[in-house]
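Residue numbers (our numbering), protein chains in the order written: chain P, 1 to 157; chain L, 1 to 674.
Be aware that a few hints might be false.
[What the hints assert, rightly or not] Stretch by stretch, here's where chain L covers chain P in the computed footprint (C-beta under 8 Å, at least three residues):
{"#": "1", "segment": "11-19"}
{"#": "2", "segment": "24-36"}
{"#": "3", "segment": "74-84"}
Derived by calculation from the structure, the hints in this document are not laboratory data. Think of the CB as a built atom: it goes at the ideal place given N, C-alpha and C, for glycine as much as any other residue.
Here is what each chain is made of, one letter per residue.
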Amino acid sequence: MTRKGRRLVMIAGAGLVLSLALGLVLFALRGNIVFFHTPAEIAEKNVQPGTRLRLGGLVKEGSVQRSGGRAIEFTVADAKGEIRVSYTGLLPDLFREGQGIVAEGVLEPGNRFKADTVLAKHDEKYMPRDLADALKKQGLFQHGKDAAPARPEGGKP
Amino acid sequence: MIVEIGHYALVLAFALALIQSTLPVWGSLANDRGLMSIAPSVAVAKFLLVAVSYAALTWAYLESDFSVSNVYENSHSLKPLVYKISGVWGNHEGSMLLWILILVLFSALVALFSRNMPQDLVASVLAVQAWISAAFILFVLLTSNPFERIPSPPAEGRDLNPILQDPGLAIHPPLLYIGYVGYSITFSFAAAALINGRLDALWARYMRPWSLLAWIFLTLGIAMGSYWAYYTLGWGGFWFWDPVENASLMPWLAGTALLHTASVMEKRDALKIWTVFLAIAAFSLSLLGTFLVRSGVLTSVHSFASDPQRGVFILAILVFFIGGSLALFAWRAQTLTQGGIFAPVSREGALVLNNLLLATACATVFVGTLYPLALEGLTGAKISVGPPFFNYTFVPLFVPIFLAMPLGQLLAWKRGDLLGAAQRLTLVAALGFVAALAFYGMQGGPALSAAMAGLAIFLIKGSFVEVAGRIFVKGASPRAMLSRAIGLPRTAWGTAIAHAGVGLCLLGLAATGWGVEKIVAMKPGDRASVGPYEVTLERVSPRAGPNFRETVGFMTVREGGRVVARLEPSRRDFTARTMVTSQAGILTLWLGQFQAVIAEDKDGGIDTRLYWKPLVTLIWLGAVVMALGGALAMTERRLRFGIARQSRRRNEQAADETEAKQGNAAPAGARVQS
């Protein structure tokens, strides 16, 4: 094979692999992207039931209801809206009323949400950034209070 | 006082970094030997100063000096000793200091092991290293000072994030950082080559051991991080395609490509510009990883309390080094002599294919990781790209890599015999096929798992076909074969073992399809069966630890009525942080693992997650085997750091002689040096 021919083979091969990869990426991006919304945004943007999404908000105080087995229902709220979430499975260690959570699942008719994953992780100060941003916009969350705990006075533990 | 000395030492190190970053490179351009010769001694002095600084911070942790803000925020007087030492890097400031310590350690190593390298190359490499260290020391001094004092010191600290209080903290960050920072050396070599305008096979020979060293540690660091997440999060997962994980995977992919292309450059003086590009890319991706993880762009357990100022500073460093090196590359790459061109079917061709696929895989991970960030920046829409994206893009690209790996090993340099290589693999391929059927017969379950397991067997066995062909020769006595095996270049063994490690890892991944998971509410006395095992919850009782209280579920695991082990999964309540973590009870049985995690205690009993994961340890053992292969390749005399030119020539002669001896008997593909 000539020098030119060899180079051509290389370039053609590279082009083939790259276009294959591009095709895969576009295909995967089309089907596997999940949007993040808060309860208010779901109402605002008129998200259709059956859509898969990530829901973020605070677990409303006094809303957690456990029925038989590991089925659990709770309300996720932000300043302007709330939505009832049902979930079956083990909740993360840090799941608490009043705590910020992110749930992934499918929106159902009647302002209900069926979650298959519930995230509340890392540490007691942790707030998923998407959620923190959304709450900040609504004035429910002050960065200073949660992110940088005030230093105690000298001598006090 | 000691803390102030540490701070002062860091400032001095910054001053030295400025000297090291300017004078030697001036010397190399002006051909002034005096100026060039200061680089090594300055590099060593800089390392000593940073070491003093790091030791001072460690001392503050050991003494629980809560007048230091960093210690107060992240330590506690009752914290176990191991976490007082490793807790130094369990926070933003300290971890950046560790980053710098490793960076200057590498500079010092280059300075010490480079006596045989051309002086101008040493000077330029060390100068580029000094630019990086100057930037990061400045970052620490200005935005993340670990030595800051509190005017009125509190009596007790706030303790370390409980999730980090794990032996993994002592191992995972240093390994990963050595890997990340190790690529700064190959980056510096690339920048030096561009500055000096000299790029030859010898350059590749000097650079290769460093790329191998960084790769070994990055491999181990990623594997250790994965194992840590696996046993600590109690979700039974080991890789979540989390952006933080992807941030470490991208440099690994680029680094693996670099490792392979460097051998082409060293042997055949080809693919030069691509090698330089990969060296730049590997470190750029390491920097990107540091930026993503440390700037607060992503929130995870890795991003400690974030501060927008820091993010901007790291971004500036990122733009300067990536932009600068790419600009230098665009400007100077044309002036470098082009390498040779070669036949598509050859060892070089196979390595090009490997590079192409690895680089493409790296690009898909890059897209999946950064697309959500870019989209949010542009349109404000928040999306998450989950595991399915990576399963559809990354996995299809890796299957051809797995198939081609043993084949590539059997192709000769210059011109290979594809048909011959394929013939030598037929037996192994048949074995893999039979293995896939056998796995399917035994385990049932997802066909994909069985197919992947078969591919893994093909890969593991196929990795050794090349060395086997060089050892087993018709008519040779066992003794002669043994001496042949010992006489083979270490790189040949290293390649075989590292490739087999990839196969082991794949087998472990394939086997996840056969895992069993069960969630049950258990009361003391209850039994549950998972896979081949039966678990009894004997009792649940509290226990006190040094800085936590825990509720322990005492379990007995039986197999066919025989007691195999007792497990004690627990939930720990860390008093200083009012935070609860789960501690999984893990039992390693041969290559599989049995895992038990307990959750909240309710009226219905204690919620328990039970997993049986066959062959799961292979995922991490495979990575360890890969690293071992890399380490073995590093012991190759030819590849040792900065070996003298004369001995290199002698070595090559000897190698050529052995080649000539085996040449007649060994099959065509086996004749090549790997």
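Consistency of the hints with the structure:
Only when three residues or more bring their CB closer than 8 Å to a CB of chain L does the claim for the segment 11-19 of chain P stand; here the count is 4, and the claim holds. By the rule of at least three residues with a Cβ nearer than 8 Å to a Cβ of chain L, the coverage given for the segment 24-36 of chain P holds, with 11 such residues. Counting residues of the segment 74-84 of chain P whose C-beta sits closer than 8 Å to any C-beta of chain L gives 0, which falls short of three, so the coverage hint is violated.
Checked against the numbered hints above, the structure breaks only hint 3 and satisfies the rest.
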